[in-house]
Amino acid sequence: MSAVTTVSPAPRSTDARRVRARAVLSWILLGFGLILIASWVCDAPGIASSSTWGSALRLTVPIAVVAIGALYSERAGVINVGLEGMMIGGTWGAGLFGWFGGPWLALVGGVLGGLVLGLLMAVLCLELGLNQLVVGVAINVLAAALARFLSDIVFSGIDGGSVARSPRIDGNVPRVSLPFLSGGFGTPDPLRDLEAGGIPVVSQLAGIVGGLTRDVSVAAIIGLALIPLTALVLWRTRFGLRMRAAGEEPAALQALGGHVHRTRYLAVLVGSGMAGFAGGYLVLISQGYVENQVAGRGFIGLATLIFGNWMPGGVFAGSALFGFSDAVGLGRPETFTAMLFVLGAVFLVLAALRVRRGLGVRAAVPSLVLGVVLLVAALFIPLPSALASAAPYLVTLAVLVVAGTRMRPPRALGQFFPRRNSSR
Numbered sequence: 000m001s002a003v004t005t006v007s008p009a010p011r012s013t014d015a016r017r018v019r020a021r022a023v024l025s026w027i028l029l030g031f032g033l034i035l036i037a038s039w040v041c042d043a044p045g046i047a048s049s050s051t052w053g054s055a056l057r058l059t060v061p062i063a064v065v066a067i068g069a070l071y072s073e074r075a076g077v078i079n080v081g082l083e084g085m086m087i088g089g090t091w092g093a094g095l096f097g098w099f100g101g102p103w104l105a106l107v108g109g110v111l112g113g114l115v116l117g118l119l120m121a122v123l124c125l126e127l128g129l130n131q132l133v134v135g136v137a138i139n140v141l142a143a144a145l146a147r148f149l150s151d152i153v154f155s156g157i158d159g160g161s162v163a164r165s166p167r168i169d170g171n172v173p174r175v176s177l178p179f180l181s182g183g184f185g186t187p188d189p190l191r192d193l194e195a196g197g198i199p200v201v202s203q204l205a206g207i208v209g210g211l212t213r214d215v216s217v218a219a220i221i222g223l224a225l226i227p228l229t230a231l232v233l234w235r236t237r238f239g240l241r242m243r244a245a246g247e248e249p250a251a252l253q254a255l256g257g258h259v260h261r262t263r264y265l266a267v268l269v270g271s272g273m274a275g276f277a278g279g280y281l282v283l284i285s286q287g288y289v290e291n292q293v294a295g296r297g298f299i300g301l302a303t304l305i306f307g308n309w310m311p312g313g314v315f316a317g318s319a320l321f322g323f324s325d326a327v328g329l330g331r332p333e334t335f336t337a338m339l340f341v342l343g344a345v346f347l348v349l350a351a352l353r354v355r356r357g358l359g360v361r362a363a364v365p366s367l368v369l370g371v372v373l374l375v376a377a378l379f380i381p382l383p384s385a386l387a388s389a390a391p392y393l394v395t396l397a398v399l400v401v402a403g404t405r406m407r408p409p410r411a412l413g414q415f416f417p418r419r420n421s422s423r
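For the sequence shown, numbering that gives the first Met the number 0 begins at 0 and goes up steadily by one.
Every clue listed holds true.
Simulated restraints on C-beta separations:
no. : residue 1 : residue 2 : range
1   : Ile-221   : Ile-198   : 34 to 42 Å
2   : Val-136   : Ser-285   : 20 to 28 Å
3   : Leu-329   : Val-371   : 22 to 30 Å
4   : Pro-199   : Ala-251   : 51 to 59 Å
5   : Glu-247   : Gly-100   : 36 to 44 Å
6   : Ala-251   : Thr-186   : 53 to 61 Å
7   : Arg-410   : Gly-100   : 42 to 50 Å
8   : Val-400   : Trp-39    : 23 to 31 Å
9   : Val-122   : Thr-186   : 45 to 53 Å
10  : Ile-221   : Ala-251   : 30 to 38 Å
11  : Gly-100   : Arg-261   : 29 to 37 Å
12  : Asp-151   : Gly-100   : 18 to 26 Å
13  : Val-400   : Leu-378   : 15 to 23 Å
FYI, nobody ran anything at the bench for these hints, they're computed from the structure.
By construction, the Cβ of each residue, glycine as well, lies at the ideal position given by its N, Cα and C atoms.
Based on the sequences and whatever the hints tell you, model everything.
Quick look at the structure:
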């Protein structure tokens, strides 16, 4: 008898990673191509400038960090609508600690400010079983009022302080650049020269890469590092497994010897600490606490979490989109118009992909309609310059309309699990 040699197929996980990597690369190339077209069609060179992309990176970090914080609590089954309030608590704590100890202590104060409100939410929701949505809204209102009240007590009458702001924080967190590309560690900065050279395609690419790699705050690097770290924790550790089980099947976690309450407590506290860190990062940008400096970023972070389908990679993609739109809102009006052009084209591509994948025409209608509307607005309608300041909120609404039909939240999200059911 002849021997039969069997060849085992490649692991499915490896194939899935390759498919995912190709998809990410395809979207990056599509985005770059659309940026090139938009800069020419809308006469908006600023959409590919290093200043725009540097601002986009700085503004992406707080949204990404607060969304990753929400990912922890919601993966464990606790709805966290109080992100805005936790960020406000983080900004006030950062302003207080930074006034005394400088920028690094400001970040510590931000984390502590978020933890205080996170502990309050955990007690009210996990121990008393109050409605998580109501508690989250209450925390948002309480944090804003408490910050103003404490500022009146602590900061008023002090040089540089008032009821609406803290004294200025002295010093800055170090900034780094990529060596031999962006001038880091005293090396040459060829990307700046290429951007100024005006060579088509090369100049735009140099502007984008230079903005993302030049003068990047170490605090921003720490914040962005939390994204792959979260993916590692969620899918490669026992704590991550228990946390996901607490959000999907808490009764099964208890039956296998896990502690649902303890897991949810830790998840809420980790998430609130990250929201406080995001608030502290905003304080570093302003070099002090300023009332209303959060400006709805906690709500945008929650929208990013939903858009990202409760996955770290999706959260980062959504945060980058909203951070970029925020940066565009600070630039010239034609840059905002170019962003609408790019977003409209992306929505049309999404509509075509949904039809091609057999999801039906109905699934493609929201993307198609919004894509056409945005392209028409960008090409034929003169938009008021004041509209650019609302760019992140408009993008949030548009993205949720398009992506909302495909979301899959954790199965036990928002469900109260009484402590008496716990076996420990």
